[in-house]
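Novice: Protein chains in written order, with the numbering used here: chain Y, 108 to 461; chain X, 138 to 209.
Don't take each hint at face value.
Stretch by stretch, here's where chain X covers chain Y in the computed footprint (C-beta under 8 angstroms, at least three residues) [unchecked claim]: (1) 172 to 178; (2) 312 to 324.
Here's a subset of chain Y near chain X, in silico, CB distances under 10 angstroms, partners left out [unchecked claim]: (3) Asn182; (4) His186; (5) Asp189; (6) Tyr438.
Okay, the calculated beta carbon distance ranges per label pair [what the hints assert, rightly or not]: (7) Y/Asp222 with X/Ile162: 17 to 23 angstroms; (8) Y/Gly253 with X/Gly150: 56 to 62 angstroms; (9) X/Gly161 with Y/Arg168: 53 to 59 angstroms; (10) X/Ile162 with Y/Pro155: 47 to 53 angstroms; (11) X/Ser166 with Y/Ile358: 41 to 47 angstroms; (12) Y/Asn182 with X/Ile158: 44 to 50 angstroms; (13) Y/Glu366 with X/Gly161: 28 to 34 angstroms.
For the record, the hints were derived by calculation from the structure and aren't laboratory data. A virtual CB, placed ideally from N, CA and C, is assigned to each residue, including glycine.
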Amino acid sequence: MKFFLIGILYTLLLLTGFVNESKAGEAEENRVDLIGKVVDHYYLDFKPAGTIELPRIIYDRGSFHFYASTTRLINKSEHFTDAHYFGSTDMQEGNLKPSSYIIVRTEDGTAPQLDLSITSHLVFFWLAGALVFIIFIPLSRKYQAGTGSETEPKGALQNMFEVLVLFIRDEIALQNIGPKKYLFFTPYLLTVFFFILFMNFFGLMPWGVSSTADISVTAVLALFTFLATQIFASKDHWKHIFWFPGVPVPIKFMLMPVELMGLLTKPFALCIRLFANMASGKILIFSILGTIFIFSDLFGPGVAYGTSWIWVLLTLFVYLIKALVSFIQAYVFTILSALFIGLAVADHSEEHAH
Amino acid sequence: MELAYLAAGIGAGITTLGAGIGIGIIGKSAMEGSARQPEASGDIRTSMLISAAFIEGVALFGQVVCIVLALK
């Protein structure tokens, strides 16, 4: 299903890009910043109320440079400027979107050493993290005080999250890690699940951005699962990688690189899967809405107005699928993390009947 | 240059085809399994999702190669 949608997306993305280009001259003001919506950007969009530009922090040649916004950086800074303005004297020339700014050094036009600026993905990443804290610390206090653990859970919030927490503990952790060690890994799995879920849900809200549509966020999440897998791995895990038991010696040497590759592809697949699923939802919605403008270009505005309800309904449908995918991807990430951890910590010593 | 776009498009199509066939086979077997043994449908659904996720992972590798080709 997902891949069918990604297939259409490739075609539509090209078409919307084409339409965007041909209309660029006449409707510069009303142009939607398509690429800026999909990739990370340095402002929060609250259209039609306006945008808030986020602070820029740039580290270059041994010192940090702080600026309140990208516009301020370009207008005020003597160290940095935009690549489009580089070499020109008129700073007001052109009307670029904040997403298309490329920060370069004023003196030679090369990129600064390190850009630590706060981006929209980072803001919603922090918001999701804060939400996990705000919801779950008071909830755990409640359980320690006895509500829920000795009596019945109270209130909608506690009831709602108890279902999910119990599901992750009993259906994911216990099933995949085993009865001996599952309680040790349950906190990690719960954190990962709710963190990803909240980040995904921020992408469904108006003006919100899902941080999981950023490959660096998913890469860090996958790295944590990888570290958890390797740090708590049993002796058998390493034995199966470097000296596979029960096969002839030449085969052992052949299996070693294969197993090492398998070790690295697991977190890589985790990272790419979450990123691609969340990013494709965004692109898909824009592509479907872009069809209205393609129709307007091909058959005239009348046809575009007449058929626009089809695309709006289709967008609503895709939006609902995105809501479903948000849940499924958080679940899949958690269950695969549990599975990999379970495979690594499993002790094969008692059942050695290879 | 243009051939890279062509390769990316064809590659994306073939990856989609492979993933579609794979997930279709999983869905078919899972439905058969839970029709024969409705009490095991919970376990079957979990393993179905895990296998689908693995196929998705392999297909995503293909998609990444296509994106790299298209962005060249």
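Novice: Each hint needs a verdict: does it hold in this structure or not?
Specialist: Do the hints match the structure? See the list:
1. Only when three residues or more bring their CB closer than 8 angstroms to a CB of chain X does the claim for the region 172 to 178 of chain Y stand; here the count is 0, and the claim is violated.
2. Under a criterion of three residues with beta carbons nearer than 8 angstroms to beta carbons of chain X, the stated coverage of the region 312 to 324 of chain Y fails, only 0 such residues being counted.
3. For Y/Asn182, the shortest C-beta to C-beta distance to chain X is roughly 32 angstroms, which exceeds 10 angstroms, and the interface hint is violated.
4. Checking Y/His186 against chain X by beta carbon gives a least distance of about 30 angstroms; that is not within 10 angstroms, so the hint is violated.
5. Checking Y/Asp189 against chain X: minimum C-beta separation of about 23 angstroms lies over 10 angstroms; hint violated.
6. Because the closest C-beta pair between Y/Tyr438 and chain X is about 8 angstroms apart, less than 10 angstroms, the hint holds.
7. Between Y/Asp222 and X/Ile162 the beta carbon distance is about 46 angstroms. The supplied range of 17 to 23 angstroms is therefore violated.
8. Between Y/Gly253 and X/Gly150 the Cβ separation comes to about 59 angstroms, which falls inside the hinted range of 56 to 62 angstroms.
9. Between X/Gly161 and Y/Arg168 the Cβ separation comes to about 56 angstroms, which falls inside the hinted range of 53 to 59 angstroms.
10. Range check, X/Ile162 to Y/Pro155: Cβ separation about 48 angstroms, and the 47 to 53 angstroms hint holds.
11. In this structure the hint that X/Ser166 and Y/Ile358 lie 41 to 47 angstroms apart at CB is violated, the actual value being about 31 angstroms.
12. Under the hint 44 to 50 angstroms, the C-beta atoms of Y/Asn182 and X/Ile158, about 56 angstroms apart, miss the expected range.
13. Our hint of 28 to 34 angstroms for Y/Glu366 and X/Gly161 holds, since their Cβ atoms are close to 30 angstroms apart.
Comparing the model with each earlier hint shows violations of hints 1, 2, 3, 4, 5, 7, 11 and 12; every other hint is respected.
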